[in-house]
Amino acid sequence: MFGKLTLAIALVFILSAVALGFLPLLWLGFGQAFHFDDYLPRVVAFTLKQAFLSTLLSVVIALPVALALARRQFFGREALLKIFSVPLALPAIVAILGIVGVYGNSGPFGGLFSIYGLTGILLAHVFFNMPLAVRLMLTRLEAIPAENFRLAAQLNFTTGQVFRFIEWPQLASALTGIASLIFLLCTAIFAVVLILGGGPQATTLEVAIYQSLRLDFDPARASILALAQLVTCGLLVLVAGQFAREIQVVPPTLARTRRWDGKSGLSKIMDSMVITFAILIVVPPILSVILSGIGSIRLGGSLLWATATSLLVGLTSASLSIALGWVLAGTAARQPHTLLKSAITLACLASLIMPPAVLATGWFVTLSPLGDMSRYAIFLVVILNALMALPFVWSPLYPAITDSVQRHDRLCSSLGLGGLARLRLVDLPVLRKPLGLAFLMAVIVSLGDLSAITLFGSDRLVTLPALIFRQMGNYRMNDAAGTALVLGVFCFALITLAQRWSQSHDQA
Amino acid sequence: MIKLENAGFRYEDMVMNFDLEVAKGELVGIIGPSGAGKSTLLALIAGFDLPVSGRISIAGVDMAGVAPDQRPVSMIFQDHNSFAHLDVRTNVALGISPDLKLDPQQRERVDEALARVGLSDFKARKPTELSGGERQRIAIARALVRDKPVLLLDEPFTALGPALRRDMLDLIREIQKERKLTVLMVTHQPEDAKYTASRIAFVQNGRIAHVLPTKQFFAPSAPAEISAYLRG
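Going down the list, the protein sequences come from chains A and B.
Take 1 as the starting number for the first sequence in this note's numbering and just add one per residue.
Take 1001 as the starting number for the second sequence in this note's numbering and just add one per residue.
Keep in mind the hints are simulated off the structure, nothing from the lab.
All clues given are correct.
Label-pair restraints from in silico Cβ distances:
1) SER114/A / VAL1066/B: 56 to 62 Å
2) PRO145/A / VAL1066/B: 22 to 28 Å
3) ILE269/A / ASP1013/B: 32 to 38 Å
4) ILE269/A / SER1227/B: 54 to 60 Å
5) VAL489/A / GLY1054/B: 51 to 57 Å
6) LEU311/A / GLY1132/B: 52 to 58 Å
Once the Cα atoms are required to be at most 27 Å apart in a straight line, the calculated DSS-like pairs of lysine-lysine come out as:
7) LYS1024/B / LYS1215/B
8) LYS1101/B / LYS263/A
9) LYS1148/B / LYS263/A
10) LYS1123/B / LYS1148/B
11) LYS4/A / LYS341/A
12) LYS1194/B / LYS1024/B
Cβ coordinates follow ideal geometry from the N, Cα and C atoms, glycine included.
Work out the full structure, taking the sequences as your base and the hints as a guide.
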């Protein structure tokens, strides 16, 4: 069903988008490379430093929390785990607004420390990544065979010995992967540093690119920053991505392994303190978003207009992303040559290596001399969002298509089933679930996107995240809270839908 | 030696109730359809599951409130009997002391047990480098150093081929005679029970439906549901 033509169009599309972004950077960036102050090394160093510290903190806090949650069964445990999935489901800017609401100057914990600068960045990253790390570690811990704990009970292991002989070996093999994933996320979440960072002391590459392009109008500087971002991210993905790939997020199982360790009073007190601490990190910002948002939703023109824009951009870019992903995954699944197969995979994962800011910088440099970009900015945002979503489309789609190809290709060709008939009778019914999941993921990526929209957005092109950013910039925090709640509810509903969908077993 | 009196347990929708008496030094096979409650029966005796009613006693002592490690029981599972990252010797040594501080005499006991099960040459290997049969020998060696009077086997040899299974069953039988162990063995292979057990308990729908001497169990005169199960 996939003609050579569609494949060619899809590949050419991605390659030209990448090339259009990449080539002008090389041109401009290398021209600049030799007269540059210490700004660039400082930004690179800070990017890595904040990611390293955030990862360390997230993992160190998550470890005892995961162990305690694996050991304990208590009322509200399932609900707590659901809440732990909220931070990453929320668009970054919504969560950050919540954090500012709690720890900012006017919040209940205001004045404890300055929320701007490194402290705020670390706090936000721990808020996002600690619950993720807990869930990933818990997945590993729950995969420990029940026999191990039975054996431990029979041999009278202490809590420490259970950790040493059972839990640690199980976690250790996954820890590099979890840390790598978090490290990548910490270099990638643009909104955190954009809002909580500030000044040259606390800025990351991606934010510096935005500042050079939109605030300083210095495409040359943006180009070299983008090149540095490309090299850093490329190296990180090559190294850390290898480890991160092994990590799988599996929903927590309901059938739990009985445990016999941790029966002492001290152990119970320690575990409850650890769990309470984690709750105190995760819950207040979420509550803040809900509570300060509820009274502040003003159904004015700007909110409705931004909602409509967000939905339009989200649906269009998701459709584009699905179209590209489907064609490429179908080809890759049938491709006997491993080289071409990995080339296609790489094209789909391009946006992981090639951060959106890098691509956008190149487009900006190429297109801005050609006249007013705001006329077609919406297309740029849609295309960029589609490319950003492609990895998330790829991951449910590719395995499903590979499976379907192996099962059905021979049967279909023996029956002479092809073209639209095959699409209708075989591919659509079989791929309904992964396609739906991929589409939802793509919409979510686009709904939460702040990098493409801040780079190309204008007064006439404002999505929900961009509106929040503006309102925060104008110190209209109440309006921002209202908008954030609307966006948060949208994303959360979509994520819940996606989770339900991926967990339902009605279809084989 | 082992006595279950009306020991009740609920697993999801299934209500179980077990009555069984096993004499010291006996080897009893436990046979029955999947999901009938065979493994639960062993878990109740080992203390991994707790009965909601009735009474379980071992060697005349009521086991209510006795933790798994305090019971005079060793258990060998079908799988996951050893820690993959620890070498064979350490896996067995855990049976003596989980903090692994062994005196020379205890270390000798570990070596003896390894020799008894034929793993002397594999002491320093990791379980992953061993075959399925050899891995189960680790668990048998650990049961030897623990030296408990009751041995529970939960389909320990199901994954092995017929010849190897026969070897393992011989080993179990020898050890049972040497140590005068009381053994309960859950198995899916009736011929395994026929080969080793003196009596066989037939478990069905969460109850022990029949306990018969092995010969009668396989005789044409056996109760209808047993013959039906054996015919497959």
